[in-house]
Amino acid sequence: MEFTIGTLVLVSFAVSLVALVVLIWTISRSEMRFTQADAHTIFEAEARGEGLDDPGTRPEQTGSPQGRDGDSLVPESSRRIILFVFATATLWLLLGSSFGLIASLKLHLPDWLNSVAPLTFGRMRTMHLNLVIYGWLSLGLMGLALWLIPTIFATRLRLPSVAMAGAVLMNLSVGAGVWAIGAGWTDGLEWLEIPWQIDIFIAISVFLFVVPLLVTARHRNVRHIYVTGWYYLGAMVWFPVLFIVANIPGLHSGVQQATVNWWFAHNVLGLWLTPLGVGAAYYLLPRIIGKPIYSYSLSLVGFWALALFYSQVGMHHLIGGPVPTWVVTLSVVQSIMMFVPVIAVAVNQHPLWLGNLGAFRASIPLRFVSIGALMYTAASMQGSIEALRSVSSVTHFTHYTVGHAHLGAYAFVTFVLFGALYYVIPRLVGRVWPFPSFIVAHWWLVVVGFAIYFASLTFGGWLQGKAMLDPTRDWMESMELTVPYLTGRSVGGSLMVLGHFAFAFNLIAILVGRGAERKAGAGLAEARAVAAPQSEGGN
Amino acid sequence: MNRVLPLMLLAAAILAFATVFLVILPAGQIRTTAAAPGLEPYTEAQLRGRATYVDLGCVYCHSQQPRAPEQAPDVQRGWGRPSTAADYAYDTPHLLGTMRTGPDLLNIGARMPSRAWHLTHLYQPRAIHPTSIMPGFPFLFETKAEAAPDDVVVQLPERYRPPEEVVVATPEALDLVDYLLSLDRTYPAANPELRDNGYSQDRGPNK
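Which chain is which? The protein sequence lines are V and L, in order. The numbering used here applies: residue -19 is where the first sequence begins, and numbers increase by one. The numbering used here applies: residue 76 is where the second sequence begins, and numbers increase by one.
Source of the hints: derived by calculation from the structure; they are not laboratory data. Using N, Cα and C, we set each Cβ at its ideal position, and we do this for glycine too. A portion of the hints provided could be inaccurate.
What the hints assert, rightly or not - Now the in silico label distances, taken between C-beta atoms and shown as ranges:
id, chain 1, residue 1, chain 2, residue 2, range
1, V, Trp5, L, Arg106, 37 to 47 Å
2, L, Pro144, V, Leu368, 11 to 21 Å
3, L, Ile99, V, Asp49, 46 to 56 Å
Whole structure, please, built from the sequences with the hints as guidance.
So this is what it looks like as structure tokens:
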């Protein structure tokens, strides 16, 4: 086969660009048939007043969502599943971030915990990654989807028992997969370490989540699909395809396997965690503030440009490597094009919370979501710049990229998920958070901790890369100079883990029945008392 | 944007489009290429050693992909010539790596051909490089009062030697070293178009 950089990159780029133009044209022609008024869909789907909405500290706002006709959108059966998912995801977060801290400490205390193989850096680090990606983020965000999809579509969750089976199976698979990695049973590919025999069950559990959500979408009681729904529906198509294709045993080998590896690993961020995180922010920012997003039609560009460009950026992980030049160049070009959807989302989301700083100060859930959304802009723009060949020469192979990965997966997605949990859980149990001081502690621990974490790795990693490119310096210098920065990362990481325990403490307390209850109406406790979820009163 | 099915179909089509470019076309180009003429398949012992390298997660600190001189001084550091796809024909799972917390290892067998050096370094890296942050792998070794005739004894400085005992390599450690010594791609490059030549002035042979 005869390939040239020019033709292939050009064809792909041209198709993407044409699609974008068609999109803009259809918006201008109103072919997509929606207006700024549709941004109010989320307020109309639920019988709930506009204005600052923070059920975390206001007992009167902890009511379970109800449709305009008085139907409960999240009846008790759904509430139990969502709480189960959130509680188990938090457990994986505690375990996963503790493992991450241990791995971080091992990089400057190399003789610590070395007696057995499961404790070695290579396994600890890998268990950390798989726990936080599959156990915490994927599971937690699917739990959030079980709340968001019914709420934006103004109907109850269908097939809740199927979703519950998915939640149980996902937990078992994550546990088994991480145990396998600890025991040395691995597929050996970054982000795909869990053995394919266990991956089968992860794939099944994702289907068990997706099917009830799609059936719910079919029964929606709103005319318009709110932007959050686009992102969630897209993600539900993308993740199963990515996960199954990348895990088929025996299909991939050699360098070709590396291209599949990074096609998967970057798309799991771009077409799974990112849409779930951005979609959640598109719901939570206007919901908590009580005002619609800035420009609803712009969100269309943000969504489709994300799909077009993000899906092709993966090969920037192989810059300077043994893969054909054209495919690397293609990914570099599309990485730069990612500025388009990122700016579209930024223009939509940031004016909303920046224009309501009073709400930002008053509500910690809103702070988590707003800063999370801001960090999406930051992480994506940093990623686009990092994909430039000249910048990649410095940052590739260094701790700088680890800092970047955590800016996306932690400061963006995890922050949004924290905000979502602080908002949703009180409305599931009908009580406010029992220890508001722990919420404040959680916020400041993870904000300060992450700032230290990110600054350490960014500066240390950049210096490491510069040293590695300098032929007059011995390679050992590039490693030795990182040690103080790696120590700084452990300090920041410790604060973050401490913050997670503060959150978990509050979660346990609210689940065992602490915290001020809502006087009228229904949370889980009241529903059980009257044994008739449908009889829930007004708000 | 008021209907579910068209949205999901379009989303799937976009991913399929990306997959053609990032997965199928590169596969067509790479998989049809033969192994480099100088490249030997791994032996049984080397494959066992490679499996240990994979399950201990060595790849998370060591890359196996020297860069071109136009981009980085990898050749000057003795890490070998820029590699091409044909150098990895027998590599499953691939171990290209994304970090250089440790040095690149694609040619470690050529650079450090001593088995004794590797055994000492794997048992306690700081016995060789005092500032190293690589973990030791003591669980790949046994300590005994006295070595049996066919035992491979690990040479250690006084500081790291257990008192009154000798450290001997397990078969797992010997296989791992066998694999490390097999990492030698010093033969001439094949298929120079199958690598990222984006840094070279003439953009390489792949115009």
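Here is what the structure says about each hint:
Our hint of 37 to 47 Å for Trp5 of chain V and Arg106 of chain L holds, since their Cβ atoms are close to 40 Å apart. Under the hint 11 to 21 Å, the C-beta atoms of Pro144 of chain L and Leu368 of chain V, about 20 Å apart, fit the expected range. At about 49 Å, the CB distance of Ile99 of chain L to Asp49 of chain V agrees with the hint of 46 to 56 Å.
Going down the numbered hints, you'll see the structure goes against none, and every one checks out.
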